[in-house]
Amino acid sequence: MHWLSKKRYICFMLLPTLLVYSAYIILPIIIASYYSLTRFSGIGVPEFIGLENYQALLQDPFFWVSLKNTVIVLGVTLIVLIPSAFFLALLLNRDVKGSNVLKALNFAPAVIAPILVGLIWVFILDPDMGFVNVFLQKIGLEQLAFQWIGGTTLTPYSVGVVESWRILGFIATIFLAGLATIPREIYEASDIDGANRVQKLIFITIPMLNETFKINVILIITFCFKIFETVLQLTNGGPNHLSEVLVTYMYNVTFISGEYGYGMAVAVVTLLITIVFTALFIGLSKKRVEKKGV
Amino acid sequence: MMKRVKLFPFFSLLLLMVISVIGCSNKSATDPVEGSEASEEVTIDFAIHVANPKDQEPAFYQTVEKFMEENPDITINLQGTDQQEHIRNIKMKSQSNALPDIFWMLPASAQELEEAGQLLDLTPFFDNNPELVEKFHMNMFETYQIDGKQYGMPYQPLVTGFWYNEALFDQYNVDLPETYEDLTEAVKVFEENDVVSIAKGARDPYSVWAFLTMLSRYGYFDKIDVIVEGEESFNNDDFLKFYEKIDELRELGAFPANITTQSYFQAVETFMTGEAALLDAGIWEAKKIEESKLANDVGFWWGPTFDDGVGNQNLSSIVPAAPLVVGKHVEDDQAKYEAVMKFLQFYYSEDGAQIMLDNQVPPMIVFDGEIDEEKHPVFAKVVEQMNRTDWKSQPNQPDLVVSESIANALYDSIYGVMNGIYTPEEALDIVANRISGQ
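Protein chains in written order, with the numbering used here: chain V, 1 to 294; chain C, 295 to 732.
There could be a bad hint or two in this list.
[Stated by the list, open to error] Covered stretches of chain V (chain C as the covering partner; in silico rule of three or more C-beta atoms under 8 Å from a C-beta of chain C):
| no. | region |
| --- | --- |
| 1 | 36 to 45 |
| 2 | 123 to 137 |
| 3 | 228 to 241 |
Derived by calculation from the structure, the hints in this document are not laboratory data. Here a beta-carbon is modelled for each residue, glycine too, at the ideal position from N, C-alpha and C.
Hey, can you work out the whole structure from these sequences and the hints?
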């Protein structure tokens, strides 16, 4: 192990990963950033226009709609997913018969391709032929048969719910892994102290899963800023871009309208917003820990 | 010694990588070169905008098959991908000068490729084949020229309008419409009887063909050049009237309730199952309609005329579809160049036209081919409309003479009013802003 501790060997071993990372992550970001400063249709030579695309972005109502929808999806997903995945993990963590089968089933939606998830949910949420509205009408609750998708308001909320369903198992599995790391002795000690279930949950489980919560929130933030196929399948961003999220709008601008330069500006801004959201969350959670420490 | 032993795996890995890179590199000089003069066999790479040409573009596919049958020394390597992916691929390949030999492309992008110097000049080919030029319908031939240079040829004629279900019109005692007022009267009756008047699906925003022809009836082609140059606004009184008509149709209930979540293909199904009176589409649906139970009840209509329209209201829409273009690199390989020219000659010949007709695609050339009316009643009805001398085609389809970006704004604006999202004025602004941002 001696030579492994030498700097040059460490660098040598990291080199392949660094090369791949640079080629597939860093370089495309640099290239996209360059194209975002150009007017480019994908053909010929890009024309350098400075920050014009970014100025146009600020005045583009569809960009703001996409951003608003993405934030709504993120909010809904966080509110729905974190508690439900956590409690699902608590349930699955019990030693009951068949719990392994349940764990596998709980992970199932996460392995279905998002485009199929979108397709499945079209048949559930379509206002005209979807299961939800047909069911509500059958039981006499027509007044609750809203335009879940395809309208002007509810689509991002529906997308949030669909995405929560899709990644529930994945997030719950991470919680489950976190739960497995909590030493049983702590619970045994709390039993001796006479702690009940709720007290154990509040004073042992949740604090000890602090890092797991953080990882899951960061994962959900990045998931939500990457949502594409589900929206594409549910509404294709419609009607008239009102249900676009940032990535579908970027795709639409770049590949449908052929405005590669402008599309790359949307992509760069999306990246920056994701970084800001994640950094803000990490910063805030660090502060909280430091305060508690004091 | 110890160090040497431990470093061995890394050197082995490095060697393996080097070997892999060599293995993945260009063909060696001894490899046979496709299409070189030394070889008899020539392969033409042909990229097309549908994933399954055999089923989705049977006329084209059969033309290619027939050509290869008659020219066994030429192989056409068809590369089919769906339209969006196809366009993306072509743009990527244009950046690395790796365009296919022949390919389908959107008109605006084809023009950009021509301006970037990546397309073969087809003018010498047509200069050498004057008999071919004489047979062409002129608007088919001249559309893809810049400064007298022919950079593309239409893939097929694009014939668009409304299919109508005559049985439904008869059932509800509604006269087949001619004017916009007739159409509104028909819509009122269908709405009262829970019949969808015009099947449409906003999830595929490009599906507004008949409405684009209506826009031409408000003087689109008189104005569009000056509008794009910024000398006039898209937001003008004539175009406003067009959007107001769409808005009125929406208020009357002309469009399906689930228009926002429905795709074009679902709209076609609505029509095919007899639930809609009209379908905004084109001649490409003739075969499908003919194979359905509606075959004897369906007719074809160019769309309504308007009292307050601009210019000739008897405008049909028989325009050149997006072009087939040839990569400039083809001229570097004489054998391939000759093979490509041979293919074009066949594609636009009478033999090619007959294959098109057999597959219910009207020919691009003046051609006295026969249509079996009993076998193809739907197609025959379209051809009957195409042959009407009192109707004249618009020069092109409005979205095909502007950039992809403006075309998309045009689709958005039309569907925006149909969906009830935009007022007519807002719809106009959507397009006007996109034009001014270019």
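Hints, verified against the model:
no.: 1; hint: 36 to 45; in the structure: holds (count 5)
no.: 2; hint: 123 to 137; in the structure: holds (count 4)
no.: 3; hint: 228 to 241; in the structure: holds (count 6)
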